[in-house]
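Q: Each protein sequence line maps, in turn, to chains X and A.
With the first letter of the first sequence counted as 1, position 126 gets the number 126 in the numbering used here; the numbers rise by one all the way through.
With the first letter of the second sequence counted as 1, position 131 gets the number 1131 in the numbering used here; the numbers rise by one all the way through.
Since the hints were derived computationally from the structure, they do not count as laboratory data.
It is possible that some hints are incorrect.
Claimed, not checked - Calculated lysine-lysine pairs in the DSSO-like style (CA-CA distance at most 30 Å, straight line):
| # | chain 1 | residue 1 | chain 2 | residue 2 |
| --- | --- | --- | --- | --- |
| 1 | X | K90 | A | K1023 |
| 2 | X | K167 | A | K1049 |
| 3 | A | K1104 | A | K1091 |
| 4 | A | K1137 | X | K165 |
| 5 | X | K200 | A | K1060 |
| 6 | X | K200 | X | K174 |
| 7 | X | K90 | X | K64 |
| 8 | A | K1122 | X | K61 |
| 9 | X | K64 | A | K1031 |
| 10 | A | K1081 | A | K1104 |
| 11 | A | K1049 | A | K1060 |
| 12 | A | K1137 | X | K90 |
| 13 | X | K64 | A | K1023 |
| 14 | X | K61 | A | K1060 |
| 15 | A | K1049 | A | K1031 |
| 16 | A | K1122 | A | K1137 |
What follows is each chain in one-letter form.
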Amino acid sequence: MAAEEGHHDSGSYVLHHLTNLKLDLQTMSINPEATGFWVLNLDSAIFSFVLGLAFVLLFHKVAKHASSDTPSGLQNFVEMIVEFVQNQVKEIFPHANSLVAPLALTIFVWVFLMNFMDLVPVDWLPGAAGALGVPYLKVVPSTDVNITFGMSLSVFVLMYIFNFKFKGVGGFTKEVLTHPFPWFLAPINLVLRIVEDVAKPVSLALRLFGNLFAGELIFILIALMLAQAFNGIAGAVLAGAGVLLHIGWAIFHILVITLQAFVFMVLTVVYLGAAAETHADH
Amino acid sequence: MNINATLLFQSIAFLLFVAFTWKYVWPPILKAMNERQLRIADGLAAAEKGARSLQDASAKSEEALKEARVQAQDILAAANKQATQMVEQAKTHAQQEGDRIIAKAHEEVSNEVERARQELRKQVGELAVIGAAKILKREIDAKAHADVLDELAARV
């Protein structure tokens, strides 16, 4: 009976960790079962916003006191990131635009910070929240499709702004209708273009979401192993294996979260670069 | 994984943060970095200039040293020459002086000899008068026989 109970528990444990703290905007009440568009995932929104705020405040603090003297530790660190981003942008986005580099910096650091929540042991924050009476708490904002799509759709809008800004309405229309095939295949060109452009934000958002969601799920499953620590010898062995697995997966995930933040940033810059690219040579 | 208003929220937050970074974070940091880069470049250029001027100065000092060495050699040679000249001059002078002294000594000696001879002549003349007086047992008039006596003295 205990085993059955445990089975039931592990299922609900995983589900619990994957459920957002939902605020129904129509009734203004916390309701985990809320559906429809006018629902705010409070946990994702708050963590995402707080992390973003931490990023801009920290960097702004450095920026305010930035001097050309020998940089102190924090300024050095910030400058290292800025320089890294700037080099990437310089390589990928050869056009003159002052927005792309700060945009890339924001994406890189913010996404990294959101991903970083992944490394916080899965029960700490939800446990603390539970103690305070908050029923659900999903702490990694980038495991929420709303968050990733929120960013990738913003990038998508920027992409179109760049298209119009760099090519003009006429130039953009011409490009859509005459690439990759000549003008007499314009309908095919248009369809291809739509597919291509829609694929960009979708892949951008789903890549980040998929990686982080899977990673978090594995952390939750490992946490389930750890929960067996006092369940006899087999449970202790399982928990021991879980500790090793957790360490391994966490180390691996340090790479994954950095890489995913980097990929999001680079692809954003690549898309914007492609939007800014004029096909005058064709 | 329902799409809901969180997406809107995130989009707005995203645009806000990007705008903030664009306006207030990126420019000052980049400005400081560029300024530092300029300063480092300036410093390197100045260092290079300094090294070059040091090289110039050392070359110049080397040249001056060489010149001074040549000059010193010249001065030394001139001094040597002058010393030799002076020694030569002194030698000649000494030679002349010696010659003069010897000549003078010769002259004095011959003068002395002449004087001694004169004296002798006079004494011989007197002796001859005394001797003759003795022989003749009479006084000879020195004045009367002066010519004889003089002849005698001249023969001595």
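Q: Just to be careful, I want the Cα atoms of A/K1137 and X/K90 compared with a cutoff of 30 Å; is the pair within it?
A: violated, 160 Å
Q: With the threshold set at 30 Å, check whether the alpha-carbon distance from X/K90 to X/K64 stays at or below it.
A: holds, 24 Å
Q: Assess, step by step, whether the Cα of A/K1049 is no farther than 30 Å from the Cα of A/K1031, and give holds or violated.
A: holds, 27 Å
Q: For the pair we were handed, X/K200 and A/K1060, check the Cα-Cα distance against 30 Å.
A: violated, 69 Å
Q: Holds or violated: X/K167 and A/K1049, Cα atoms, limit 30 Å.
A: violated, 48 Å
Q: With the threshold set at 30 Å, check whether the alpha-carbon distance from A/K1104 to A/K1091 stays at or below it.
A: Judged against 30 Å, a Cα distance of about 20 Å means the pair holds.
Q: Does A/K1137 pair with X/K165 here, judged by a C-alpha cut-off of 30 Å?
A: violated, 175 Å
Q: Check the hint pairing X/K64 with A/K1031 against an upper bound of 30 Å on the C-alpha distance.
A: With Cα atoms ~11 Å apart, X/K64 and A/K1031 stay inside 30 Å; holds.
Q: Does X/K90 pair with A/K1023 here, judged by a C-alpha cut-off of 30 Å?
A: Holds, because 19 Å separates the two Cα atoms, which is no more than 30 Å.
Q: Below or equal to 30 Å on CA atoms is what counts here, so check X/K200 against X/K174.
A: holds, 21 Å
Q: Mind checking the alpha carbons of A/K1049 and A/K1060 for me, to see if they're no more than 30 Å apart?
A: Holds, at roughly 16 Å.
Q: Check whether the Cα positions of A/K1122 and X/K61 lie no farther apart than 30 Å.
A: violated, 140 Å
The structure shown violates the earlier hints numbered 2, 4, 5, 8, 10, 12, 14.
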